[in-house]
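*Asks:* For reference, the chains in residue letters:
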Amino acid sequence: MTEEPKEPTAAGDKPASEAAAPAAPAAPTPAAPAAATPAAPKAAAPAAAAKPPAAPHDNKPAPPSGPTDPPPPAGAQIPACITALQAAVPGAVEHVSFYIGDWTMIVPATKLLEAGRFLREAPAAAFDFCSDVTASDWPSRAQRFDVIYCLYSTRLRHRVRLKVRAAEAEPVPSVSGIWPAANWLEREVYDLFGVNITGHPNLTRILMPDDWQGHPQRKDYPLEGPGELLMENPLDWLKLKQAREEAEIE
Amino acid sequence: MGNAIAFYVISALILGFAMLVVTTKNTVHAVLFLVLNFLAVAALYVLLTAQFLAAIQVLVYAGGIVVLYLFVVMLVNLKRPPEDHSAPQRRPWLGFALAGVVLAQLGAILVWGGAGDPVDPHTMQNSDLALNNVERIGMLLYTDYFIPFEVASMLLLVAMVGAIILAKREL
Amino acid sequence: MATEARQMFDTEELVINMGPQHPSTHGVLRVVLRLDGEKVVSSDVIIGYLHRGIEKLSENRNWTQIILLTDRMDYVAAATNNVGYCQTVEKLMQIEVPRRARYVRTALCELQRIASHCLWLGTHAMDIGAMTVFLYAFRERELILDLFEEYCGARLTYNSMRIGGLPLDIPVGWDKKVLEFCSIMAEKVDEYEELLTHNRIWLERTKGIGVITAEQAIAIGLSGPPLRGSGVTKDARKDEPYAAYDEMKFDVPIGTAGDTYDRYLVRLEEFRQSIRIIRQAIEGLPEGPIVGKVPRLIKPPAGETYHAIESPKGEIGYFIVSDGKSTNPYRFRVRPPSFCNLQALPQLIKGHMLADVVALIGSLDVVLGEVDR
Amino acid sequence: MIDTYFIPLVKILFVLNATLIAVTYMVLLERKVIAWVQVRLGPMRVGPYGILQPIADAVKLILKEDITPARADKWVFTAAPILVMVPALITFAVIPFGPSVHLFGRDIPLYITDVNVGLLYIVSVASIGVYGIILGGWASNSKFPLLASLRASAQLISYEVAVTMTLVSLIMTAGSLSMVKIVESQFNAGLWFIFVQPVAFVLFFIGGLAETNRAPFDMAEAEQELTGGFHTEYSGMRFALFFLAEYANMIVVSAVATTLFLGGWLAPFPNVAWLNVLELIPSWMWFLMKTFAFLYVFLWVRATLPRYRYDQLMRLGWKVLIPIAIANVVVTGIVKVLF
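Residue numbers (this note's numbering), protein chains in the order written: chain Y, 1 to 250; chain C, 251 to 421; chain U, 422 to 794; chain X, 795 to 1133.
In isolation and in its complexed conformation, chain Y is listed as follows:
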């Protein structure tokens, strides 16, 4: 498990909770120790810096630092496709995990395209159906986004999940070249999370209006919508609203 270099300001508890997770057997344990201080919103977070650190309503425990990727239990036999990938593309598989019947591989962004092409062509894997591409947001983690690719093979009828960790502006190569199905799915990930996907034929917003500010499905995006507060300054918002009214009128 290579340790990524931690930012000094990160909440001190990060390595402790990481160590706690793998040691515990597959049975779940409360990941975040009670002492975690409410994670102050990072300076990088898009929320207006001027906003006072909105302490989440106090009874909610601190957001977990990252997804639990329990390592495979000792007895489980790693499926052929993963071992074939590890052999074919060195360094492609950072971590393999197994949880209630699903195999997941954590793949570095740089090796994603190679791994994807291998998984699609290799006879042992034959993942020709990319059923889903989505992301999950862990604001307290340096590489905040987890881009998840759920793959399925129509011939061998088995599933696997790839995970790529990416920071806010870190480029993630688009797999729409390998699986055209991922085209719209990646557009949605960009639209709702703001993951910087590169090499996508037409990366524009798909669900939100084109002139929308911000990415709604991030954890620090207020549930009730942008309102005046989120804009860098309310004046932009007013100008935008008037422009939109004129557009309707003429």
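Wrong hints could be hidden among the right ones.
As the list claims (entries may be wrong) - Below are the EDC-like pairs computed for lysine to aspartate or glutamate, each with C-alpha atoms no more than 16 Å apart in a straight line: (1) C:LYS418 to X:ASP1105; (2) C:LYS418 to U:GLU459; (3) U:LYS477 to Y:ASP220; (4) X:LYS975 to X:ASP1105.
As the list claims (entries may be wrong) - A few chain X residues that don't get close to chain C, going by computed Cβ distances all over 10 Å: (5) VAL804; (6) GLN832; (7) ASP867; (8) ASN910; (9) TYR915; (10) LEU1082.
If you are wondering where the hints come from, they were derived from the structure by calculation, not from laboratory data. Owing to the predicted nature of the structure, the values given are computational and were not obtained by experimental measurement. Ideal Cβ placement from N, Cα and C applies to all residues, glycine included.
Knowing the structure of chain Y, use the given hints to seat chains C, U and X on it.
*Replies:* Relative to chain Y, chains C, U and X alone:
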């Protein structure tokens, strides 16, 4: 007496519509006046008890050809605004000169054309021609004027094939 | 000279906005079509008009409240959404669902499939001009809605499942009514077949329209009847059996040419297979409890999973991450089949006429509530 | 004086009003027939069994606001529905509803006039009807109606050719263009022309469907694709004119088909002796019954058949109907020469 008045009214209509066709700015209106012009000519045929010709005039001219003009005008009209009167490529004097020449020819035909004595419309009413003019036109067309009829049909065929080659992109 | 004459006749491309308010786009779908005369040169699909942010909303709801939200995604097949969601959470919490509940779930899913296919057949035929089939298909759908109303009190948004099993047992006499419905439905499907399958105009409007090969279909991510219409045998009920499908005997209809007509035949055959499954499920309904051991306060352990089932539109998948502490899911993601099937629309309608665009939107059977979430 | 002006005027008024009432009740009949086919009841609320529905529709359409879209060509926009309705109505001038009847001591023929180019008059007037649809689509100055009007003009022209070619073979058997003489020739032949010219009948029926934008050929106002086709922008009285003109055209086509193929006012097999009991039903009643039967088939076809695509429609028109019609003319010619 009624026929004479009708004749003058209808010819006035024909001339009026013809003028309007040339002068209106909006091309679609021009085409519509052309249709009215053809209908007035058909009315004139009815006046001359040539019902078959009137029906054919309405069917072929007013109902067929001008619809295709309208078809083209509607497509073309979409793109370019009608050019104004002072467009460089207009040659007004040449136009008036040609019109003058045509007018002179018509005048000549009218004066020396050896027009027979006009048949008074009443006898026309129940003459053999009026009663079954379809048969008479049929006989005339397929006996005396058979060759021009065949040449005309060949001409039309060639025109149709030409149009298809030009317009259809992938043959 | 010919080329110069050619320019003379080059008509300009006509850009037409089909939707978002249009009689045959089955919801607020907007397709911008660039037409050359009647042929579609290129098109792009604009969605998002019905985006209610269900995924963001469900991250602030507790686990049982989310069942309501899943009703409103594919509002034509709500029961299947509920079953899909509950099974994902049961997989997360490793709860064992009793056999009786699984049988009822199978029956409900298949009833929902027939209802969804009835609506598809009605609107698809209406778009191509055959107005009568719409009324016949909706007459049958009415019977199913009555059955659902009797079971869970609602006709459209059922809220018909609970995590761990059923909210309540099936009412007395309900199973007899379902069997009676199956017999009625069997001959009604033959009636649809009579009206359309060998109808010259129907054949001409659907055969060879919107052809997509098996590889293209898999690559673009089609699933469900559109994928099986191109000859790919992928059906979550057979590949990853859930509920009680492993105990049911049924076969999966597969098309060959991958055109609108084959997708129509596949769905028509699915009518009959669903009736067969419902009969087996209801006749073999075992006795026993209807809910598994579910803790009062549902808090699945930390972890994430992806579980896909076969909705009438295709493979609907739930990717849920729970952080083990709070009563809300940390991340709730739905893989909507209509969204992925709709992605194939520009590729399908290229080079077809305007009337085919309408037939193809119907053939993909898209529900905008699910596309926009 | 009475004969030449007064009686034709009365006949014209009678036929015109009868047609307008028939057209409004055609709307109700269509909704009822399609409803029965679709296992529902149709309009039942206005008056007993929905009888007064047409009046309700008429009043509603009169009261509805009449909108002219911005930058639409006002004159042409108003003229279009008139250009569709008028040709449909003036065709009734030559349709014979019955032989002459003895009323008020005078023999009154049950038709307004008998022009010796009757059939040609009908076809040429029908070709004027095309203008209304084209101009209606163009004048509303929006994309969908324009596309619909382009489609409609191409469809009507190609089916006009098909119908005219079909009628040529019929005129060869009937021997005259005048509608009254056609019916009389069916009387002399002792057979309706549907038995003499079955192919022409089928072609005329299909052509008639296409001419009036009905059933499998209603491309011009395909709601699903062109959101209402050429009369999308129309509302109020102008829309009513378009709407009623369609039904008037339907009645015209049925009446013409009855006169040409089903023996106008003749009872079936007119001069078969023992069938004379059928003469009890007056001749014009026969005409109305046959026209109604034809109209019923129109509605029935609309309820069941899906719609053709635009290019299939044109292919059917040019590659199927016209060749068959021409072949039919040739065969009729040969038969007439041999026998």
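*Asks:* State for each hint whether it applies.
*Replies:* Going down the list of hints, with the structure as the test:
For a cut-off of 16 Å, the pair hint linking LYS418 of chain C to ASP1105 of chain X stands: about 15 Å separates their Cα positions. Straight-line distance between C-alpha atoms of LYS418 of chain C and GLU459 of chain U comes to about 14 Å, which keeps the hinted pair within the 16 Å bound. Our distance criterion of 16 Å between C-alpha atoms is met by LYS477 of chain U and ASP220 of chain Y, whose separation comes to about 11 Å. Restraint check: the Cα-Cα separation between LYS975 of chain X and ASP1105 of chain X comes to about 39 Å, which exceeds 16 Å; the hinted pair is violated.
Residue placement check: VAL804 of chain X keeps its beta carbon more than 10 Å from all beta carbons of chain C (closest about 22 Å). The Cβ of GLN832 of chain X lies farther than 10 Å from every Cβ of chain C, with a closest approach of about 37 Å, so its non-interface assignment holds. Its closest Cβ contact with chain C, about 7 Å, brings ASP867 of chain X to no more than 10 Å, contrary to its assignment away from the interface. Not every Cβ of chain C is farther than 10 Å from the Cβ of ASN910 of chain X; the closest lies at roughly 7 Å, contradicting the non-interface assignment.
Its beta-carbon lying about 5 Å from the closest one in chain C, TYR915 of chain X breaks the requirement of being farther than 10 Å from that chain. Distance check for LEU1082 of chain X against chain C: the nearest CB is about 27 Å away, which clears 10 Å, and the non-interface claim stands.
The structure does not agree with the numbered hints 4, 7, 8 and 9 stated previously, though it agrees with the rest.
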